[in-house]
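Residue strings, one per chain:
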Amino acid sequence: MGGQAIAHSPLCSCFDNGDDTITCEGGFSDGSAAVGMEARVEDVVGKVLLKGEMDAIGEYTFKKPELPFVFVFDAGPGHVVKINEKDIQ
Amino acid sequence: MKMPKKTSKVMRLNFFFSRMTPLFGLLVLLAVLMISPEQVLAGDCMACHEKHGVMIRKPSVSPIKLKVDGKEQCITLERAFAFHGHECPGVTIAYRAVQYGIERLSPGETPDRDDLLITSRTSAAGVKDFIDLVMKGDNPAKKTWPPVNMGKSRDGFDFLLMKKSTCQAVEIKLLPENFPADFYLLKQKQKDKTITNEESDRLHRYMKKILLEFPHVPADELFGQPEPYKMILWGTVLPGEQDKNIRKMRQEEKKNLVTHFTPEI
Numbered sequence: 000m001g002g003q004a005i006a007h008s009p010l011c012s013c014f015d016n017g018d019d020t021i022t023c024e025g026g027f028s029d030g031s032a033a034v035g036m037e038a039r040v041e042d043v044v045g046k047v048l049l050k051g052e053m054d055a056i057g058e059y060t061f062k063k064p065e066l067p068f069v070f071v072f073d074a075g076p077g078h079v080v081k082i083n084e085k086d087i088q
Numbered sequence: 000m001k002m003p004k005k006t007s008k009v010m011r012l013n014f015f016f017s018r019m020t021p022l023f024g025l026l027v028l029l030a031v032l033m034i035s036p037e038q039v040l041a042g043d044c045m046a047c048h049e050k051h052g053v054m055i056r057k058p059s060v061s062p063i064k065l066k067v068d069g070k071e072q073c074i075t076l077e078r079a080f081a082f083h084g085h086e087c088p089g090v091t092i093a094y095r096a097v098q099y100g101i102e103r104l105s106p107g108e109t110p111d112r113d114d115l116l117i118t119s120r121t122s123a124a125g126v127k128d129f130i131d132l133v134m135k136g137d138n139p140a141k142k143t144w145p146p147v148n149m150g151k152s153r154d155g156f157d158f159l160l161m162k163k164s165t166c167q168a169v170e171i172k173l174l175p176e177n178f179p180a181d182f183y184l185l186k187q188k189q190k191d192k193t194i195t196n197e198e199s200d201r202l203h204r205y206m207k208k209i210l211l212e213f214p215h216v217p218a219d220e221l222f223g224q225p226e227p228y229k230m231i232l233w234g235t236v237l238p239g240e241q242d243k244n245i246r247k248m249r250q251e252e253k254k255n256l257v258t259h260f261t262p263e264i
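Quick note, the sequences are listed as chains A and X, same order.
Per numbering that gives the first Met the number 0, the very first residue in the first sequence carries number 0; after that it's consecutive.
Per numbering that gives the first Met the number 0, the very first residue in the second sequence carries number 0; after that it's consecutive.
Keep in mind that the hints are not guaranteed to be accurate.
[What the hints assert, rightly or not] Here are the simulated SDA-like pairs of lysine to any residue, each with C-alpha atoms no more than 20 Å apart in a straight line:
(1) Lys135(X) <-> Ile56(A)
(2) Lys85(A) <-> Gly223(X)
(3) Lys81(A) <-> Glu252(X)
(4) Lys247(X) <-> Val34(A)
(5) Lys151(X) <-> Glu252(X)
(6) Lys50(A) <-> His78(A)
(7) Lys141(X) <-> Lys46(A)
(8) Lys62(A) <-> Gly30(A)
(9) Lys190(X) <-> His85(X)
(10) Lys229(X) <-> Arg78(X)
(11) Lys254(X) <-> Lys50(A)
(12) Lys46(A) <-> Asn16(A)
(13) Lys190(X) <-> Gly30(A)
(14) Lys190(X) <-> Thr60(A)
(15) Lys46(A) <-> Gly75(A)
(16) Lys141(X) <-> Glu65(A)
(17) Lys253(X) <-> Ile56(A)
(18) Lys135(X) <-> Phe14(A)
(19) Lys85(A) <-> Ile56(A)
(20) Lys253(X) <-> Ser31(A)
(21) Lys186(X) <-> Lys50(A)
(22) Lys247(X) <-> Gly77(A)
(23) Lys190(X) <-> Lys70(X)
(24) Lys63(A) <-> Leu115(X)
(25) Lys81(A) <-> His85(X)
Worth flagging that the hints you see were computed from the coordinates, not collected in a lab.
Everything numeric in this text was worked out from a predicted model, so none of it was measured.
Next comes chain A alone, as it looks inside the complex (with noise of 0.2 Å):
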């Protein structure tokens, strides 16, 4: 784990593109984007549906699963945010 991942807390935002995939993005509270970091999205019991890395300006684009899902922001141990699918604007 980075050390930016580290000094500041995580931040993570879903967005439903309007076209059935949903984008969220990863970042940390001084701004800077979680380039490279992992994103996975989960069912509701956390099983894995999808795994992957927040891309270079630190988005993470999914084709929206069947099922009710959660997206998982992993930017290392303390650093996790989980977002409900409830909570995607």
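Given the coordinates of chain A, assemble chain X onto it according to the supplied hints.
Using the frame of chain A, we list chain X on its own:
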């Protein structure tokens, strides 16, 4: 030292530990010696304290009471630290400032959260997280992003609290002399890994002072005695409007970064 051939399991274990303990002790000593003060203080305080067995004294300070959806809610400093992730000077300052502001605006009352508006002139993570906890609740998915290029400075601990029902506001600003002039300079050096051991110690002392002493310092010594004043508000901020605008700023900033990015050859 030879181990006897016929031994019980307990004896064999005792023998193993008697041989391994000095080696283990040596390894621990080496690990401690290899950690410079810079490394010790550079990261997350909580992780560092846990690693070195430092127990943190939890400052006891009265909770902030608010009515949320008609029910009284108590926010303690401990809960605020937990929401932020660790003990943090920004959380402590914002806690005392918001608590004092509420006391000045609604003496002896428990205000309704929906009746309050709060502004901050700093985007310090601890401050943002604390005000998020007060105004939005404890859902980490709803944490506020900092507006692009909103800096942090010792003059930024300046909060405006407004009470809509009485058209009153009060400005709570940390008196600059209460905040070290070189705090953010040292934080930057820490981030850049150019901080010296002496500077690390100084930064650690600053943080310790804020965390352990600020919760107990009388509010007027921290913030003076600002008087609430009557005010008129114009304009409308729709739910989510600010988040949308901040995201737009971030997107523009990212576009600029991508446009101006020159790959290394």
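Tested hints:
no.: 1; hint: Lys135(X) <-> Ile56(A); verdict: violated, 27 Å
no.: 2; hint: Lys85(A) <-> Gly223(X); verdict: violated, 43 Å
no.: 3; hint: Lys81(A) <-> Glu252(X); verdict: violated, 25 Å
no.: 4; hint: Lys247(X) <-> Val34(A); verdict: holds, 19 Å
no.: 5; hint: Lys151(X) <-> Glu252(X); verdict: holds, 18 Å
no.: 6; hint: Lys50(A) <-> His78(A); verdict: holds, 17 Å
no.: 7; hint: Lys141(X) <-> Lys46(A); verdict: violated, 24 Å
no.: 8; hint: Lys62(A) <-> Gly30(A); verdict: violated, 26 Å
no.: 9; hint: Lys190(X) <-> His85(X); verdict: holds, 18 Å
no.: 10; hint: Lys229(X) <-> Arg78(X); verdict: violated, 32 Å
no.: 11; hint: Lys254(X) <-> Lys50(A); verdict: violated, 26 Å
no.: 12; hint: Lys46(A) <-> Asn16(A); verdict: violated, 24 Å
no.: 13; hint: Lys190(X) <-> Gly30(A); verdict: holds, 14 Å
no.: 14; hint: Lys190(X) <-> Thr60(A); verdict: violated, 30 Å
no.: 15; hint: Lys46(A) <-> Gly75(A); verdict: holds, 18 Å
no.: 16; hint: Lys141(X) <-> Glu65(A); verdict: violated, 24 Å
no.: 17; hint: Lys253(X) <-> Ile56(A); verdict: holds, 7 Å
no.: 18; hint: Lys135(X) <-> Phe14(A); verdict: holds, 19 Å
no.: 19; hint: Lys85(A) <-> Ile56(A); verdict: violated, 24 Å
no.: 20; hint: Lys253(X) <-> Ser31(A); verdict: holds, 10 Å
no.: 21; hint: Lys186(X) <-> Lys50(A); verdict: violated, 34 Å
no.: 22; hint: Lys247(X) <-> Gly77(A); verdict: violated, 28 Å
no.: 23; hint: Lys190(X) <-> Lys70(X); verdict: violated, 42 Å
no.: 24; hint: Lys63(A) <-> Leu115(X); verdict: violated, 37 Å
no.: 25; hint: Lys81(A) <-> His85(X); verdict: holds, 18 Å
Consistency note: the structure conflicts with the earlier hints numbered 1, 2, 3, 7, 8, 10, 11, 12, 14, 16, 19, 21, 22, 23, 24.
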